[in-house]
Amino acid sequence: MLKVLIIDDDDIVRLVQSKLLQNCNFTKEPLKFKRASDAVEYLNSASIEHHYLLMLDINMPMMNGWEFLDEVERMEVKENVYVLMVSSSVDYNDKEKADKYDKIINFIEKPITAKNCEQLKELSILKPFFPEPI
Amino acid sequence: MTDSEGALNILVVEDHIGDYILIEDYLSEEHLQINLTRATTFKEAKDNLSVNHNFKVVLLDLSLPDVESNEDLVTGMVALAPNTPIIVLTGFSNKQFGVKTLSLGISDYLLKDDLNSTQLAKSIFYSIERKNNDFKLGESERKYKALFDSSPLPMWVLDKHTLEFLNVNDAAIDLYEYSKEEFLGMNVRDLWTKDIRKEIEFTWKENYHENFGITVKHLKKNGELLHMEIKSNPIDFDGREARVTQAKDITAQLDAEQALKHSEKRFKALVQDASDLIMIMDFSGELSYVSPSSSQMTGISDAEMIKNNFFHYIHKNDVKSVKSHLLKLKDNKRIQIPSYRIKTSDKKWRYIETIITNLNDDSSVKGLVANSRDITEFITQEKKLIHSLKRYDIVAKATSDTITDYDVVNDKMYYNEGIESVFGYSKSEIENTGSWWNEKLHPEDRERVKRYSQQVQKLTSGYIHIEYRFRCADGSYRYILDRSYLVTDESGNKLRIIGAMQDITEIQNYIQTIEDHNSRLKDIAWTQSHVVRAPLARIMGLIDLIQSYPNIDEQAQLLEHINTSARELDDIIRNITRKTEDVTLNPKEC
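If you read the protein sequences in the order shown, they are chains C and V. Its first residue numbered 814, the first sequence is counted upward by one per residue in the numbering used here. Its first residue numbered 771, the second sequence is counted upward by one per residue in the numbering used here.
Derived by calculation from the structure, the hints in this document are not laboratory data. All values derive from a computational prediction rather than experimental measurement. We treat Cβ as the ideally placed atom computed from N, Cα and C, and that holds for glycine. Incorrect hints may appear among the rest.
[Claimed, not checked] In silico contact screen, one side only, chain C against chain V (beta carbon under 8 Å); selected entries:
| no. | residue |
| --- | --- |
| 1 | ASN836 |
| 2 | ASN838 |
| 3 | LEU897 |
| 4 | LYS923 |
| 5 | PRO924 |
| 6 | ALA927 |
Bound conformation, chain C alone (with noise of 0.2 Å):
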């Protein structure tokens, strides 16, 4: 199954983040994550029968995003990760960066909207996981 994490050190974010997943219909459960160590832990314990979408915020203290993308390159279960990279504020430099990772399926910058979720469902590596009801 599909499990979303939202990794942000914004308590609003994560707050507004899950709200609008649970709403649409995305996950039930979003996993809330203020700091990137922390989703860092969970990630190496994950099983790999799972698939993972991060949500992932750029600019954190501690370990920021880049940060975080070349921990999750040494795990088990990196083949399942697919990465939203989400920023307050979109940068040519960073667009540029992420272009090296081929992790991330998106560049969304804030806030993410209802109308970002619907789109993100029928991106072709996630489709799979929201089959229509019939």
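Assemble chain V onto chain C, guided by the hints.
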């Protein structure tokens, strides 16, 4: 008749006593005081005449016992008494010889048969008188001859009608170098040069019987030309109608006159044809001479200019200065009056410069000689130059440029006051060499400046435009924009580099400050935009959530989050505004 003369001494040479008594009788009838001395022979007569005698007359009988020939007797007697009249008494038979005796120097001859007292007395008286006159005449002729022969001036006697030479003196022989014999075979016309013949023939004929004087040209035997001043007057020369001529050689005199004329001409040419204006005046400025060059210089002819006083032509603002210079002539022989203005015919002004020499003591000048040169062109050029220099100085001051003038050949560097006012070097610190300047360059710039100027100097002339740092007297550096111009001669040799060092330190600092501002503001903008976006993105996310799901629970909590985020955003924006103001007000602290 002879009484007044006192006793009359007579020598009677008569051998015949009868005849002697007869003579004595005749004489005593006419003369009261006579001393008769009788000689009966030639020898006796000779004895009487050999010593000093005072016989006034000799009566001579031709038949004497001791002389055979009458002619020998007469000749002998004349020789014995050359200055005493001798009267011959002869018999009728000797009448012919009696006549002949006259040509031998006898004063008179009387026939004894015709003799009477009256006739004898008359003969004696006339003979004495004639002898006296003859003597006087002889004296005057001797004197005349001496005058002629020893005259230092050349003289000659010409035939009055043919103008052949009859006599010449030694001075003439010396001068013309013809011998006396040659002269006597010549005509005076042989001396004349061709060109004067007509004139002299005319003068001679005009004064045929008169005195005349004339200047003529003669040729010497060797062909040399002589200028002669001659005086000629008619005379009787040994019974011949003649002219005596006295000549004076004036060749040297004429040559000297000619030389003087030449020198005068030369002087006139110098004065009249020179472009300098030459005037002669007195201390009050009254003109006595103006050279013709006045019309060339002022358009006023010399004849016109001399009518007025010198000061009449001088610009009223210059009169005082000229007068004060003129006064210096009292102590100096020569003075120079620097530029002043004189009026021209078309009411314009020319600048002139005058040298005045006091020649009051020179009798041929008697005045102040003023030699003036037109320097208008020079003054105009000078004024232009001063004007342009002044203008340049003003510009240089206004731009605070330091002007440099580098004499490449002599390695001499000249500065305007900028080197002091901009860089703070005192006059004593400045060395006028290229190396002194080089040494003031910032070490980091020195190589670059050297390379660049070498590159420019390879061109025949060049405009140098370079920035560098230059050390001030206090050790600090100023940023300089140097704009120099390389001056070369026709063959491309470097002569001078004239440059303007513009102090761009202020500008440089200003640019630096602005760049600092920009980079800081950019920093602020970039970082702050991220900070600003964070609360804004939150607000937008919250609103989107509420709008998308109107029935969402815990709405009050979401609205509270919007409120908190909005206030955070407000704080951030206020903070940015404050920081931006800080950058502008205190750039260094930012």
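Evaluation of the provided hints:
Interface restraint check for ASN836/C: the shortest CB-CB distance to chain V comes to about 5 Å, inside 8 Å, so the restraint holds. Checking ASN838/C against chain V by beta carbon gives a least distance of about 11 Å; that is not within 8 Å, so the hint is violated. With a least beta-carbon distance of about 14 Å to chain V, the hint placing LEU897/C at the interface is violated under the 8 Å criterion. For LYS923/C, the interface hint holds, since its Cβ comes within 8 Å of a Cβ in chain V; the closest pair sits about 3 Å apart.
Using the Cβ-Cβ criterion of 8 Å, the hint placing PRO924/C at the interface with chain V is satisfied: the shortest such distance is roughly 3 Å. The beta carbon of ALA927/C is positioned within 8 Å of a beta carbon in chain V (closest approach about 4 Å), and the interface hint is therefore held.
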